[in-house]
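Model the full assembly from the supplied sequences, consistent with the hints where possible.
Residue numbers are given in the numbering used here: position 62 of the sequence shown equals residue 62, and the series is strictly consecutive.
Don't read these hints as lab results, they were simulated from the structure. The C-beta atom is built at its ideal place from N, Cα and C for all residues, glycine as well.
Derived CB-CB ranges, DEER-like:
1) 23 x 59: 29 to 37 Å
2) 25 x 100: 27 to 35 Å
3) 98 x 45: 14 to 22 Å
4) 39 x 75: 16 to 24 Å
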Amino acid sequence: TQRMPNSAAMKAFFVYDEPFWRAEGLNGQLISDVGPARMSNDTCIQGDDHGVILMFLEGEQARTHGHWSEEERRAALTAELVRHFGDKAAHPLHYIDGEWGS
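Below is the structure:
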């Protein structure tokens, strides 16, 4: 997402104690046509016990949520993770996001 001409993109990282989704047979990936984020990926670092999910917001979702406060974005995206991965997604250790706009 370094270059996305005439558009907007955001990334949001959620860090957890562990990749809890793997124990439930999930791969941390979501692809959806509803909600604030259209996709996510498991971006855990090999050799680190923490679980990391990266969510992508593009186009209209990124423009809309880019105007929200960080706390509002975090709440909306956390709710999306809970919807897809269950209650264990509700309490990340850390959250960070970034916006790339034109």
